[in-house]
Amino acid sequence: MRTIIKYVVVDLVKSRIVLAYTFFLLAMSFGIFNIDENATKGIMSLMNLVLIIIPLVSIIFSTIYVYNSSEFIELLVAQPLKRKSLWMSIYSGLAVSLSLSFVIGVGLPVIIYDGSATGLTLIVAGLFLTLIFTGIALLASVLTRDKAKGIGVSILVWFLFTLIYDAIVLLLLFQFSDYPLEKPMIGITMLNPVDLSRILILLKLDISALMGYTGAIFKEFFGSVTGIGLSALMLFLWTIMPVWFSLKKFQRKDL
Amino acid sequence: MERFIKIIQCSIIVLFCVSAFQVQARTWKVGASQPCKTISSAIAKAADGDTILIYPGVYKEGQIILTKRLVLKGTGYPVLDGEVKYEILTIRSNAVTVEGLFFKNAGRSSYNDIAALRIADSRYVTVRNNKFERTYFGIYAQHATACTISNNLLTSDAKDEISSGNGIHCWKSDSMHISNNTVSGHRDGIYFEFVSNSVISNNKSFQNVRYGLHFMFSNSDNYISNIFSDNGAGVAVMFSKNIGMSNNTFSDNWGSAAYGILMKEISDCVAQGNLFKSNTVGIMMEGTNRVKMIKNRFISNGWAMKIQASCSDNVFTENNFQSNSFDVATNGDLVLSKFEKNYWDKYDGYDLNRNGIGDVPYRPVSLYSMIGEQNPSSMMLFRSFIVSLIDKAEKMLPVLTPVDLKDDHPLMKPLKL
Amino acid sequence: MIIASNVTKTFGKLKALDNVSVNCVKGQTIALIGPNGSGKTTLIKSILGMVVPDSGFITFDQHNILHDWNYRERIGYMPQIGRYPDNMSIAQVFTMMKDIRKKSAAVIDEELIEEFGLNGMMSKKMRTLSGGTRQKVSASLAFLFNPDVLILDEPTAGLDPVASEILKQKILREKQKGKLTLITSHILSELDDVVSEIIYMQEGKMLFHKSLEQLQADTGETKLAKAIAQIMK
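Residue numbers (our numbering), protein chains in the order written: chain A, 1 to 255; chain B, 1 to 417; chain C, 1 to 233.
If you are wondering where the hints come from, they were derived from the structure by calculation, not from laboratory data. A couple of the hints might just be wrong.
[Claimed, not checked] Only pairs whose alpha carbons sit at most 20 Å apart, straight line, appear in this in silico SDA-like list of lysine to any residue: (1) A:K248 with C:S55; (2) B:K60 with B:R26; (3) B:K341 with B:I390; (4) A:K41 with A:D146; (5) C:K13 with A:V124; (6) A:K253 with C:K125; (7) A:K204 with B:K341; (8) C:K168 with C:R134; (9) A:K147 with C:R83; (10) B:K85 with B:E133; (11) A:K84 with C:N70; (12) A:K204 with A:L171; (13) B:K392 with A:L171; (14) B:K413 with B:G232; (15) A:K6 with A:V124; (16) A:K6 with C:K125; (17) A:K6 with C:S55; (18) C:K124 with A:K147.
This structure is a prediction, so every number in the text was calculated from the model and none was measured.
Just chain A, same shape as in the assembly (with noise of 0.2 Å):
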């Protein structure tokens, strides 16, 4: 499995996408920071960034290169090799190259000119998100045949994940307003990653405003350990289960 791990990464590196996606992230972070005066600024800049560039780049490159490499896929699977072990190193591969431009471009930046919990926050969220969005795309590209069709999906998902979501949530908050809507909306919150790896960094950075509510649900919730506990278990799920799902399909799929 490690062969083919190093084998799927030194083809990213090689095709020098990923290289421009770290310098980009780097230029964009070390601009940030030198435009604002204080670093915390910096951070809730970047936190836009992370939040809407990191799925995108993340989803929309891991879908086109599992259709870019069916050859490999192909060849491979002739092979002795167990499929299960072909399809996580391809994950593997994606994941590790991908996490890695993140913490060079983000995380670099971010650990030298903050180095708060908040900084920390926000590496481990964008993490999360790499992840996340990369196992999307796996599962996106082993559903759809047709390679169009899987980058359309993938962008329809991010799409969704980034503002779709969040505007039909606004819609429905103000629809109900008159009814209790803090349980729903943190159980709504949680099937959206995006929103959760947004609420990780907000507990960092607005605990102080977000405790001047009066709810004790919201309180419980955003004041103690449960609600950072609960944001990373589904974060975590969030990890797993595009994969795993991917991962069977692809055990079954005919080449």
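The hints should help you fit chains B and C onto chain A, whose structure is shown.
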């Protein structure tokens, strides 16, 4: 000439008398192996001007009432134990000094304000370098004038507002001087009611159940360089006039009714050089008039300020607003206060003529803060992509946020404060 | 050695394999013959585990291949259209395969690489290769690890006559070592002197499985091509 010599002679005699009197002042030693076994017996023997020196030990003497002008001095912190029944020491005499004592287990009562140390109807009393532990009220001053309370350490174990007392409580007093005390675990750290012309400086008040400092109906007071942190509801200044607040630190007051300072029905006050850090609300203003806020720092608060529509003629100038979730929130359209030349880190305007002042006004009220106020659940979406879009749109074309609440001359760079 | 029992596979509405049963024995060289779309490649892919049958099962040395992926170690496979990662060189492809198989150097058979003259172009990227050269790489890879079973899908398609002849000689040599060889092809004449058994497929069904002698006796034709043509009538 003769007359002059007489004056000198008289002066010498007077001086002599005074010093002779000083020499005559006696020191009564109290302790297990000392002439006096109890403090009460020493006080009974002593005369005005005497010193009572208390050696280490535990003294359980019920309530001691001091009506003589004495110096009560402990060495090695002798313990005065109230056995959770008694008010330990009551001072009803002028110019008493109490120092170096350890007050423990004062009485508690739900209908009486029992204190560890009470100063009643007295002047020039000095209470310094004492320790207080597990007390109901710590130091209670009533009708006191020109007393000094300094370098005391007061800790207690208050759980809720009803069953706890205040650390340093002053009522109907004047010209008090309260400095360098550390107060924690009480209801209010320092409490002022009908107290005027007094100074509170360099105190630390933290982890109290209600307020770190509580002002009621007290005029012309100053509090300077104090640190108020992690109190249930921060600091409250209510129904008062002419209060000066400078160089204080207000931090880590979290909760739905927790403020760095709650300013309620006060007027003609100045707040300068204070630091508001990590509070749910830095300053909450209700019915506040003619308050000047200059050179304060607001850092990492939920809301730097909440200004209710009942406030008027307040001026906010040369303050730094950095890393707050929201800068200003208000509950009405009418804004009668003025913002001028502050630094707002959320300002994204430009400065074409390079004079350090932004060319377009800054509107510190964000739409989402108002939405959050109406619908707390919507905070779950705070800082999401869609919310930033909505906020940006509102900043360009204010529809829901008050149009007049703006800083016409926002600074481009933070002030060095 | 390889037994397929009642294997059925459908792609959508198309029945690619319809209840196919095959028994391949060690030492045989089997030609898998049939018109385009008759299910030859699907059968091969099923044997390789690349396609999972809807029903029926395939065993390799009495082990169901569904649960045991290690049997592929003993198969050399040459696909119909060899597809390789674009930005790998020929050398890298060989190295990678060796890396994955982790066989000792003694087993490795690089005869074909030499005979095809691939040594001189090892640093060329896969995407720059012509179809024929790709086939040469595919063929070399199939024989590289000296496997017990060779599965060759249209091996001579796209190869020039010289390379074709080299490959044929190689197949013959391996046949003599007692290996099982499965070949699909539609250029029948080329197979005449290699093949010992014929499997004929049509529309996903296996029509017959006969030895060459049997077929010749049945049809009265000595040439394989003619014998087949006789049947297809």
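Review point. Given the hint that K341 (chain B) pairs with I390 (chain B), does the C-alpha gap stay at or below 20 Å?
Key: At roughly 27 Å apart (the allowed maximum being 20 Å), I390 (chain B) and K341 (chain B) break the hint.
Check your understanding: Does K248 (chain A) pair with S55 (chain C) here, judged by a C-alpha cut-off of 20 Å?
Key -> Holds: K248 (chain A) and S55 (chain C) sit about 19 Å apart, inside 20 Å.
Check your understanding: Going straight from one Cα to the other, do K413 (chain B) and G232 (chain B) come out at no more than 20 Å?
Key -> Roughly 34 Å between the alpha carbons, so the hint for K413 (chain B) and G232 (chain B) is violated.
Review point. Given the hinted pair K13 (chain C) and V124 (chain A), is their alpha-carbon gap at most 20 Å?
Key: 48 Å, violated
Exercise for review: Measure nothing beyond the straight line between the CA atoms of K60 (chain B) and R26 (chain B); if it is 20 Å or shorter, mark the hint as holding.
Suggested key: 24 Å, violated
Check your understanding: Between K253 (chain A) and K125 (chain C), does the CA-CA distance stay at or below 20 Å?
Key -> Violated: K253 (chain A) and K125 (chain C) sit about 29 Å apart, past 20 Å.
Check your understanding: Taking only the CA atoms, is the gap from K84 (chain A) to N70 (chain C) under or equal to 20 Å?
Key -> At roughly 13 Å apart (the allowed maximum being 20 Å), N70 (chain C) and K84 (chain A) satisfy the hint.
Exercise for review: Assess, step by step, whether the Cα of K6 (chain A) is no farther than 20 Å from the Cα of V124 (chain A), and give holds or violated.
Suggested key: 24 Å, violated
**Study point:** Hinted pair K392 (chain B) and L171 (chain A), Cα distance within 20 Å
**Key:** 18 Å, holds
Point to revise | Given pair status - D146 (chain A), K41 (chain A), alpha carbons within 20 Å | key: Violated: K41 (chain A) and D146 (chain A) sit about 43 Å apart, past 20 Å.
Point to revise | Restraint check for K6 (chain A) with S55 (chain C), where alpha carbons must lie at most 20 Å apart | key: Given that 20 Å is the threshold and the Cα spacing comes to 36 Å, the pair is violated.
Point to revise | Pair hint K6 (chain A) and K125 (chain C), alpha-carbon separation not exceeding 20 Å | key: Holds, at about 19 Å.
Comparing the model with each earlier hint shows violations of hints 2, 3, 4, 5, 6, 7, 12, 14, 15, 17, 18; every other hint is respected.
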